[in-house]
Amino acid sequence: MIVCIAVVGHQNNPLYIQSFTEADDALKLHHIVHCSLDVVDERVNNPKKSGPLLNETFLGLLYPTENYKVYGYLTNTKVKFILVTTDLDVKDADVRNFFRRFHAAYVDAVSNPFHVPGKKITSRTFAERVSTIVKAFGLSSAG
Amino acid sequence: MPTVGPRSGDAIFANVERVNAELFTLTYGAIVRQLLTDLEDVEEVNKQLDQMGYNIGTRLIDEFLAKANISRCVDFKETAEMIAKVGFKMFLGVTASVTNWDIEGTCCNMVLEENPLVDFVELPDTCQGLYYCNVLCGVIRGALEMVSMKTEVTWVRDVLRGDDSYELQVKLLKQVPQEYPYKDDE
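If you're matching them up, the sequences are chains A and B in order. Quick note: the first sequence uses our numbering, first residue 343, plus one each step. Quick note: the second sequence uses our numbering, first residue 25, plus one each step.
Hints are computed from structural coordinates only; laboratory data are not their basis. You can take every hint at face value.
Chain A is faced by these chain B residues, among others (derived, beta-carbon under 7 Å):
#, residue
1, Phe144
2, Glu146
3, Pro148
We put the beta carbon where it would ideally sit given N, CA and C, even for glycine.
With the rest of the complex left out, here is chain B (with noise of 0.2 Å):
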């Protein structure tokens, strides 16, 4: 194994500052219920949600990158591990499960047991299109685009809507060289 990196996000995680999660889960709660009420159509709350997580994820990856201490992921497996085991633990205090690896190893689903956003939450009928933890996805999406990888998240599987677990699949398009905003000859 090539990298030495922590197993898991437990001991920063013990070290990190904390916040009380019934507070974070009313906070996040109220948001969303203010973007309904704001656009009031269940699509344009996803696309934000999403945007609000991108703009999140950006500005994470430094904080992930500086606490976690780990060395460079050798490929996009080791990456999703990464996300899984360490940044998930270090941000929300849960751990994730990748599975469902694809034969290139470009896509895989992480699964997670228990989601501190989702606590006391029912979706109305009113709002049966939502997905509610949509911030998740924007989140990992921004991160990764700024170590130069375009990906895709989506969400397979919610319990809110039905399902028995929080399901995310995440899938590399393509890894983006750093570009320089200078001419080599000057």
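Here chain A stands alone, though its shape is the one from the complex (with noise of 0.2 Å):
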């Protein structure tokens, strides 16, 4: 299941950060995001030789860490995508899945003329639709 996602500005600066278990372990989730982030821009850097068509926007499994996989997804505009799971057995076309429904919220959260771009989404209907997604992620991959 998913325990954290969190969305993070071109700048490196946290836009969105939500923990979806109990709170005791935020900042350790909040840290793992945090080293995750390095790993993003060595990937973005560096890209692997392998494969001609680079499909920058899915970066896939960044690491595993004790009992945690992280996985990344890069927007045109810098911005990332970040997801923290303790699935053992997660698909790479659930995640894939569940990252393109992220973005469509991320689309419409922005849209908003209230919106200041770089500053941390507000918006209660992003949340609501995140927590959705979430939700639906957890029952596709345990079923």
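Using the hints, build the complex out of the two chains.
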């Protein structure tokens, strides 16, 4: 199940962090997200030479740590989505699907004229949609 | 039924030029944002939006009457139906329904099922008194004033403020007959 998702801006500033477990290890999750940003930068700066088609959006598994897996997704505006999950057998397609829906919700939140780009996302609708997507992900991968 | 006119604005809507809805929504959002930055006071912004709408309405009525090809409305009830069914459809692509007529037939409510101006919009806590779509009030007021009706248009319900739909109240204050600027004996 997903424990944490984060949206990080292009200057590595946090725009939205939401954890879905008890808040005890919220700090640890923030730390994991922070560390994963380094991996993202590394992947972006040194693209793997293998594979002619560089699909730059979905970065895939960034690194497995203890009992967590961290996935990354990069938008064209250098905004990064980080997903931390405890599932051990997560299908690639499921994660891609999750990021696609998450990206759609993000775009709608950013289209709000009252949202200031670069500031945190305060939209309640966005938070609700993200919870729905996370729940749907949990159900699809558990079944 | 005396009037022979289009029952809905669908046919006209199909023939007018159209613009991308997101462009429209984002442009309007930018206008409201800029007004808030310039004026800083929510009540002032509401007034400005109404004034902008008024200016648009006084010009829009001519286009409406030219394209809609409807005959003269007999009473205010018909006028309101025309605005709701033909006017809104032609310019916003949505239809409204008219409800809640009072006894004299001078005051009604128009309910908008959808509102393209407010896609993606969420009011922040600092702007809670803002009537985001106030421009629509001004448009109706301005348009009706050009056809000799003085009205007052206000918002009764607004989804951005927590209600479940968009509802306008249109009240006819008086019918002003045409005044000619020259005297009769000249």
